[in-house]
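Q: The chain contents come next:
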Amino acid sequence: MLVFTLRRLSLFFFTMLILTLVSFSLSYLFPGNAVINLSGEVNASASRLQELNVAYQMDNNVFWQYIAYLQHIFSGDLGLSMASQTIISTEMVSLLSATIELSLVALSIAMFVGIPLGFISAVKHNKPTDNAILSMSMLGDSIPVFWLGLLAILTFSINLGWLPSAGQMSLLFEIKLVTGIQFIDILISENPYKWQAFWDAVAHIILPACVIAVAPASIFIRLARTSMIEVLETSYIRAAKAKGLNFKQIIFRHAIRNALIKMIRHVGLQFSNLITLAMVTEVIFSWPGIGRWLIASIAQRDYTAIQSGLLVLSCFIFIVHILTDFIYAALNPLARGKKHGS
Amino acid sequence: MKKLILNVTVLISLVFLSSCYDEKLLSLNEHSIVYCSESSPETFNPQLTLSTTAIDATSNQLYDKLLAYQGDGSTLGSSLAKSWHVSRDGKKVTFYLRKNVAFHQTAYFTPSRLLTADDVMFSFNRILDINHPFHNVSGSNYPFFQNTSFNNLVKKIEKINDHTVRFHLAYADNFFLANLATDFAVILSAEYGKQLTKHHAKHDIDIYPIGTGPFKLKEYRVGSFIRYYRHEKYWQQPAQIEQLVFDITSSNTGRLTKLLAKECDISSNPIAHEIIHQRDDLTIDSLTELDVSYFGFNVTKAPFDNKLVRQAISYAINKKALLETVYQNKAELANAILPSTSWAYDKKITAQVFSVDKAKELLSKAGYGDGFTMELWVIPKQETYNPDPLTMAKLIQADLKKINIKVIIVSDKGDTFLHRLSAGEQQSFLLGWSAEHSDPDAFFTPRLSCTSTNNHSRTFWCNAEYDNIIEKSLQTTNINQRKKYYAKAMAIVEQEVPLIPIAHSKRYLARGKNVKGKVLSPFGGISFYRVVKNSDNGKVLHENKSTDTVNEKGKK
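So the protein lines, in turn, are chains S and P.
Just so you know, the first sequence maps onto residues 12 to 353 in our numbering.
Just so you know, the second sequence maps onto residues 89 to 644 in our numbering.
If you are wondering where the hints come from, they were derived from the structure by calculation, not from laboratory data.
Just so you know, these numbers come straight off a predicted model, no measurement behind them.
Note that the Cβ used here is the ideal one computed from N, Cα and C, for glycine as well.
Treat the hints with care, as some may be off.
[What the hints assert, rightly or not] Which stretches of chain S does chain P cover? Using the computed rule of at least three CB atoms under 8 Å from a CB of chain P, they are:
id: 1; stretch: 167 to 176
id: 2; stretch: 180 to 190
[Said to hold, decoys possible] Distance windows between CB atoms, simulated:
id: 3; chain 1: P; residue 1: D373; chain 2: S; residue 2: I338; range: 53 to 59 Å
id: 4; chain 1: S; residue 1: T190; chain 2: P; residue 2: G311; range: 18 to 24 Å
id: 5; chain 1: S; residue 1: V104; chain 2: P; residue 2: I248; range: 51 to 57 Å
id: 6; chain 1: S; residue 1: W158; chain 2: P; residue 2: I437; range: 49 to 55 Å
id: 7; chain 1: S; residue 1: V104; chain 2: P; residue 2: G512; range: 56 to 62 Å
id: 8; chain 1: P; residue 1: A289; chain 2: S; residue 2: S86; range: 24 to 30 Å
id: 9; chain 1: P; residue 1: H288; chain 2: S; residue 2: L165; range: 51 to 57 Å
id: 10; chain 1: S; residue 1: L161; chain 2: P; residue 2: H365; range: 53 to 59 Å
id: 11; chain 1: S; residue 1: I338; chain 2: P; residue 2: H365; range: 53 to 59 Å
id: 12; chain 1: P; residue 1: H288; chain 2: S; residue 2: V73; range: 48 to 54 Å
id: 13; chain 1: S; residue 1: V104; chain 2: P; residue 2: G227; range: 51 to 57 Å
id: 14; chain 1: S; residue 1: F123; chain 2: P; residue 2: R367; range: 34 to 40 Å
id: 15; chain 1: P; residue 1: K286; chain 2: S; residue 2: V104; range: 30 to 36 Å
id: 16; chain 1: S; residue 1: V73; chain 2: P; residue 2: G512; range: 46 to 52 Å
Given the sequences, and given the hints that come with them, work out the whole structure.
A: Written as structure tokens, this is what we have:
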């Protein structure tokens with residue numbers, strides 16, 4: 012396990028190196044002054060500009076500039092947003108947590124719906140149920156998320172009026188930002204309308220989370236189905252059958268557990284896909300997450316925000332990958348021996 | 089069996105939770121208004137801006153003025169000043185302030201005293217005195233006051249006692265009082281200014297506002313929302329709603345969706361009016377703005393030096409078609425330069441007849457029976473009074489072709505274009521104006537009088553009789569008399585046709601039918617002070633009654 016951990020850490024280190032290099036070079040590739048692109052201080056006075064030049068070592072060569080950039084990142088200074096002149100790192104905390112919240116809910120919906128359906132479909136291999144579930148998953152996978160989002164708003168918000176169409180929670184509730192994760196913030200707040208806010212937040216997350224969950228759920232269906240079929244064909248299942256275990260026992264005691272382990276890695280891999288979907292969905296549902304913010308920054312040519320946003324987002328996705336790898340390795344000793352990073 | 093019990097308990101708890109959720113939501117929802125606004129205000133101090141967004145978010149919510157317009161806007165009433173006195177020469181104006189006016193108490197400021205003359209001095213000296221400690225905070229730009237040359241007008245402000253202030257004017261000005269009632273002339277807190285100076289945070293005065301208005305600022309997140317709470321110690325009856333939230337939604341479809349999904353109670357500039365009209369629970373308010381878009385002639389250039397030619401063209405233009413195409417019927421057809429919302433509007437004015445035959449007849453009378461070629465200058469830029477000037481020009485081109493006039497459209501976005509217009513290089517042009525204050529004179533003296541020919545009007549039209557009439561109307565305070573003068577002035581303009589008024593723009597606001605109370609006002613920004621919300625079920629009648637009494641009290 013130690014070798015495995017070291018290997019993952021070195022992979023993490025080099026990936027971060029490349030990510031920061033790309034992010035750093037963006038400030039030169041974007042139009043305008045590099046130091047302004049890095050710091051985001053568009054209205055800086057001459058003296059302030061001088062200070063910034065010193066802080067980012069602009070008089071030194073590119074290597075030292077990169078080192079200065081790294082120092083800024085590690086001290087948590089991602090500059091100011093060019094458009095709103097707010098500190099990006101503080102803004103990022105609430106944005107990223109909103110996205111994490113949405114993605115986690117979507118991921119759990121996708122898992123709780125997708126994986127059982129996949130197992131059912133594997134157990135009923137080549138029967139009408141299997142075919143129905145498979146075609147459903149095909150359909151879910153091919154529907155574009157932006158279209159589905161609009162359709163959901165049209166149906167459930169405008170026509171039926173069941174669920175709200177925009178935002179994280181009704182603006183009427185005043186909840187202080189403490190952890191950044193809204194559900195926790197609501198529960199620890201002292202607002203008299205706490206529970207009302209909680210259920211309002213639940214109502215707000217249902218539509219966007221379901222819309223995001225559709226595509227990963229259909230992938231999970233197929234993955235779970237394949238892995239279950241694989242497990243059911245293994246010799247230990249056959250041995251279990253020969254021992255006289257009944258169907259229920261075989262599935263619940265042996266097959267599901269082994270099939271699930273295989274799923275864990277896929278869940279991690281699906282996460283980046285999920286974040287991409289979440290970015291688009293955030294725009295449609297005005298979800299105050301990092302995706303919407305990044306897309307707005309691109310529209311506003313807010314280079315500092317784009318640069319830092321990309322760095323933070325890719326970093327986050329990478330960390331999730333590594334984490335799922337660890338969980339997988341912890342649960343499945345066979346995986347630890349594998350040599351390569353993927 | 090175990091499962092069944094579990095299911096039943098889950099079901100029961102869900103029902104219970106959802107029911108208590110609904111009940112509570114009503115209580116908070118009932119006392120709050122969510123307004124979907126179109127963009128973020130750039131400042132919380134209306135002194136510093138002309139932008140509608142900023143005025144909407146600040147003026148009538150956070151602040152009060154010394155005076156306020158009353159009724160149809162023809163008279164000024166008391167507000168923070170309970171009465172005022174103008175000296176005979178018109179150069180000294182004394183205000184007697186109310187003694188019970190409290191400033192907002194917020195997380196960032198706790199007032200220790202009520203409104204006094206110091207606050208009035210502080211608010212206006214900030215604009216007038218270039219050495220005032222707050223003059224240069226947030227830039228030294230006070231556009232409304234600069235446009236009305238306020239600093240030339242006011243020589244000094246004198247504190248007579250704690251509740252009396254005197255303005256010394258350089259010359260008598262008819263609009264001085266009217267200007268003090270506009271959305272820009274708000275009263276700030278001097279005590280707050282002092283506190284900020286002490287903490288070296290002067291800039292905060294325009295970001296974390298303190299005023300005397302019916303609501304106080306709680307929280308603002310750029311591009312996201314503004315949260316206001318009711319000012320409990322408001323000097324009038326406190327507002328009916330406890331919380332006011334501006335949900336900043338810049339996308340037009342986003343605002344429509346939120347309105348339809350009932351996520352906002354009131355929405356600014358709604359699109360798709362037909363869809364809103366189809367819904368039983370929604371309605372649209374509209375109000376004609378004090379502006380006009382027009383087709384003007386340079387009366388010093390042939391052939392427009394001939395009155396008959398100008399008249400002919402006024403018959404040949406199909407204004408209704410312009411209104412349909414350019415404004416999608418979301419504007420009022422202009423029969424005169426003054427919009428019908430102004431108290432001086434003469435109701436006897438009839439709509440201009442559209443008649444190609446009449447136009448042809450007048451043209452041949454003027455000696456241009458075979459037509460001619462003319463230039464029409466257009467600035468292809470969207471304005472509040474004209475959403476699409478170029479399309480309008482093309483429609484006019486088509487209209488005039490029918491009476492054998494060939495129109496060449498000259499358009500240019502550059503800054504020099506306006507200068508060239510002022511220099512009088514054009515034959516005819518499409519422009520418009522918005523009134524700075526609600527007095528009807530804003531439509532007459534600065535635009536069409538002989539003295540203004542160099543400034544605002546590009547028609548170079550000068551008519552002694554017209555000048556005489558509008559001057560007389562300014563010398564009297566008798567409303568009926570003034571109405572008569574303005575009616576005459578409008579008749580002259582209609583006869584002489586230095587310009588053809590085309591449309592007055594309209595402002596729209598969509599709201600749920602359960603939201604009662606006036607929001608739009610013909611002079612300036614919106615106000616949520618009188619808004620009440622009825623729960624959708626049952627309570628309507630009872631609530632309605634209470635609103636009316638409150639309104640009555642408010643007026644008194």
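Q: Now, for every hint given, state plainly whether the structure supports it.
A: Hints, one by one, checked against the model:
1. 167 to 176: Coverage by chain P holds here, the residue count being 5 at a Cβ distance below 8 Å.
2. 180 to 190: Our answer is that it holds, as 5 residues pass the Cβ test (under 8 Å) against chain P, meeting three.
3. P:D373 / S:I338: 53 to 59 Å: 57 Å, holds
4. S:T190 / P:G311: 18 to 24 Å: 23 Å, holds
5. S:V104 / P:I248: 51 to 57 Å: Given range 51 to 57 Å: holds, Cβ gap about 54 Å.
6. S:W158 / P:I437: 49 to 55 Å: 52 Å, holds
7. S:V104 / P:G512: 56 to 62 Å: Between V104 of chain S and G512 of chain P, where Cβ atoms are some 60 Å apart, the hint holds.
8. P:A289 / S:S86: 24 to 30 Å: With Cβ atoms ~26 Å apart, the hint holds.
9. P:H288 / S:L165: 51 to 57 Å: 52 Å, holds
10. S:L161 / P:H365: 53 to 59 Å: 23 Å, violated
11. S:I338 / P:H365: 53 to 59 Å: 56 Å, holds
12. P:H288 / S:V73: 48 to 54 Å: Given range 48 to 54 Å: violated, Cβ gap about 39 Å.
13. S:V104 / P:G227: 51 to 57 Å: 32 Å, violated
14. S:F123 / P:R367: 34 to 40 Å: 37 Å, holds
15. P:K286 / S:V104: 30 to 36 Å: For K286 of chain P and V104 of chain S the Cβ distance comes to about 32 Å; the hint holds.
16. S:V73 / P:G512: 46 to 52 Å: Taking Cβ atoms as reference, V73 of chain S and G512 of chain P lie about 59 Å apart, which means the hint is violated.
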